[in-house]
Amino acid sequence: MATDVKTILLVDDEQNKRALYEEEFSDEGYRVLTAGDGREALKVVQEEKPDLVVLDVNMPVMDGLDTLSKMLEHNSKMPVIIHTAYPSYQENFTSWSADAYIVKSGDLSELKDKVKELLAKSPTPPA
Amino acid sequence: LQSPCFAVLARAVHERRALLVRREELIAPDDHSGNGVRGAPCDLDMRAAVTDLFTAPETAIAPLAAKERIVGLVVADNLYSASSIEENDIRLLETVAQQAGLTIDNALTYQALHKAQKDLLAAERLAVIGDMAARVSHEIRNPLATIGGFARGILRRLDNPEAVRRKINVIVDEVSRLEDLLGDLLDMARPRQLDLQPHSINEIVEHTLLLADADIKAANIQVEKHLAGDLPLVVLDRRRVLQALLNTVRNGAQAMSDGGVLSLATRLAHELPAAPLIEIEVRDSGAGISEQALKQMFDPFFSTKVRGSGLGLPVTLGIIKEHGGEINVFSREGGGTTFTIRLPVTPPPREQEATVAPADALEQNLLQE
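Those sequence lines, one after another, are chains C and S.
The first sequence: position 117 = 279 (the numbering used here), numbered continuously.
The second sequence: position 293 = 1686 (the numbering used here), numbered continuously.
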């Protein structure tokens, strides 16, 4: 990619959430990809190699924690943020391999700050 | 027992056997001059009372043993006859005291067991409520996060009416989802007072289809009806049974979002002639249910649907059970699903806290708190 526009993948099973993320993160200047379940997310990760993934946990087909393990097998350098309505998944050690754990809120600023912070840290992956 | 007032009582406890003592021995103070066992001082009022009570020349003392523990003493005399206490009397007293000790031990064990059981139930109830609270808060947090996100988005970008309209539509959508969730929760927690009247099952089935019409048309579903002609009226709470059937029919319709056949049948089942049952069958030609999901489908908050609250089937099961009925589900992945609801024509008298379904258990836990 010629420009330094970062690509982020947001995974959530709710249509309205994906619409929200698309609006909000496009406004922030990112290229936004979305997926509705873990399997779809893995496909997007392989095809599009996003710079960062925001991952819901409770999803049909393949849940976020399984997806996280498989994603990290594929590319362990890619930053992943767990984004869930359940604070309790923090106790699941699989979630510890994520770079951040954020509980869903009506205010997206914590998530946005974390995305910005992690992208600033991580080197641009080979295209 | 631990009273340091009477040395001989302490001796009976220590030796764990019946003793025959003369009055002087009985009322003799503890050798350790008032510094009794565990350092408790002698209660002088009690000492005086006992001294006044036992005035016969001889007294028999037998320990009450509950397993290893001495839980009391039996003290007996022949105050009125003033006759002497024989060896036989001592043995008899010892035997009686042994029996009494065993009985007391049983009672103590039972008491401890009862308390342990109560504690366990309380802990279990707390666990159920904790689990429930976690799930409910998740169900609420999710739509709230969407609503909050879009509301903030509107505030930031008021200049684009088209975008504002789109965001408001999502907010309205999510609010109605929250309202549905609350409705389902209240249905589960509603104290159950059934309004039992005789009704025609076929009429309720027809009415259900009317209410589910939007879902059925939206998914392009074809409906087949096989309603038996001469069914007896069934004593039931019409509103509740309608809701149960509607949940089941909607469930079937949602399993066939790309169209299919929804088949409804009613019939009389005569397994026990004295207690006839009405069978209502709801069959869809949808994707079927996995074995894993079949096991969990009546658990509160279990849902495979993106927009399901996970309360529809638990509520349905609760309603059918209230009427003394049952639900059977048959499904194969890829081969559709059949729900068979069986209701007794006359519901059995209400049994409090009988057969507790998952939904009922939850409900009772909520109501008791």
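These are computed hints drawn from the structure, not numbers from a lab.
Glycine included, C-beta positions come from ideal geometry on N, C-alpha and C.
Careful: at least some of the hints might be erroneous.
[Said to hold, decoys possible] With the Cβ distance kept under 7 Å, some of the chain S side facing chain C (calculated, not the full set):
(1) A1400
(2) R1416
(3) L1537
(4) T1539
(5) F1543
(6) G1546
(7) N1562
(8) L1575
(9) A1658
(10) A1662
[As the list claims (entries may be wrong)] Rough simulated footprint, nothing fancy, chain S against chain C, three-plus residues with beta-carbon under 8 Å:
(11) 171-181
(12) 207-215
(13) 256-264
Taking the hints in turn, this is what the structure says about them:
For S/A1400, the interface hint is violated, since its Cβ never comes within 7 Å of a Cβ in chain C; the closest pair sits about 61 Å apart. At its closest, the beta carbon of S/R1416 sits 70 Å from a beta carbon of chain C; the interface hint therefore is violated under the 7 Å criterion. The restraint placing S/L1537 at the interface with chain C holds, with a minimum CB-CB distance near 6 Å, inside the 7 Å limit. For S/T1539, the shortest C-beta to C-beta distance to chain C is roughly 5 Å, which falls under 7 Å, so the interface hint holds.
Interface restraint check for S/F1543: the shortest CB-CB distance to chain C comes to about 6 Å, inside 7 Å, so the restraint holds. The interface hint given for S/G1546 holds, since its Cβ lies 6 Å from the closest Cβ of chain C, which is under the 7 Å cut-off. Hint on S/N1562 is violated. Least Cβ distance to chain C is approximately 10 Å, over the 7 Å limit. Annotation: S/L1575 was flagged as interfacial toward chain C, and the flag is violated, the nearest CB pair being 17 Å apart, outside 7 Å.
At a threshold of 7 Å, the smallest CB-CB gap from S/A1658 to chain C is about 31 Å, leaving the interface hint violated. Below 7 Å, beta-carbon pairs count as interface contacts, and S/A1662 has none with chain C, the closest being about 36 Å; its hint is therefore violated. With 6 residues having a Cβ less than 8 Å from any Cβ of chain S, the segment 171-181 of chain C passes the three-residue criterion, so the hint holds. Coverage of a stretch by a chain is defined here by at least three residues with a beta carbon nearer than 8 Å to that chain's beta carbons; for the segment 207-215 of chain C and chain S the count is 0, and the condition is violated.
A stretch counts as covered by a chain when three or more of its residues have a beta carbon under 8 Å from one of that chain; for the segment 256-264 of chain C and chain S the count is 0, and the coverage is violated.
Comparing the model with each earlier hint shows violations of hints 1, 2, 7, 8, 9, 10, 12, 13; every other hint is respected.
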